[in-house]
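> Produce the entire structure from the sequences given, and follow the hints as far as they go.
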Amino acid sequence: GMPPLKDPWCIVITVPRANVYGVTDTATTSRIVMMASAIVGVVLAFILLSRSVYNARRAQLKMNAEKKAGYQKRIQKSYDEMQTLGVPMAVMHWQSFNAMEVLQCFEEQRD
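For the record, in the sequence shown the residue sitting at position 20 is 20 according to my numbering, with numbers rising by one throughout.
A couple of the hints might just be wrong.
[What the hints assert, rightly or not] Taking lysine-lysine and the DSS-like style, the derived pairs with C-alpha atoms no more than 25 Å apart in a straight line are:
#	residue 1	residue 2
1	Lys77	Lys67
2	Lys62	Lys77
3	Lys73	Lys62
These are calculated hints, taken from the structure and not from any lab test.
Dropping the structure here:
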C-alpha cells in the first residue's frame, strides 16, 4: 500500500477494458452464439418433425384412398358380373318354380 499522507490524493488508474472484462465479454459473446445456435436447432427440429408428421399423414391418407378405390372397384366388378349371366340358366317367378312337381332342365324352361 501507500504510506499515510497528510494531504488526500486522488489517483486515477486507466486500464483497457479487455484487461479487466475480457473474459466476461468473451463469455457473453459465447452465450449469445450458443443461445442463437440452440434456437436455430430447436426451430429446425420442429420443422423437420412437422414435415415428417405431414408426410406420414399424407401417406396414410393416400393409402386409405387407394384401399377405398380398390374396394369400390371390386364392388363395381361384382355388380357388373352379377348383371351378366355367366352360365346358361332360366329365370322364373317363385310361384312357377314352386308349382313344378319335377325339376326340369333349364333348356326346356328357357323356351
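> It remains to establish, for every hint, whether it holds in the given structure.
Okay, the hints, checked on the actual structure:
With a C-alpha separation of about 15 Å, the suggested pairing of Lys77 with Lys67 holds against the 25 Å cut-off. Restraint check: the Cα-Cα separation between Lys62 and Lys77 comes to about 22 Å, which is no more than 25 Å; the hinted pair holds. With a CA separation close to 16 Å, the supplied pair Lys73 and Lys62 stays within the 25 Å bound.
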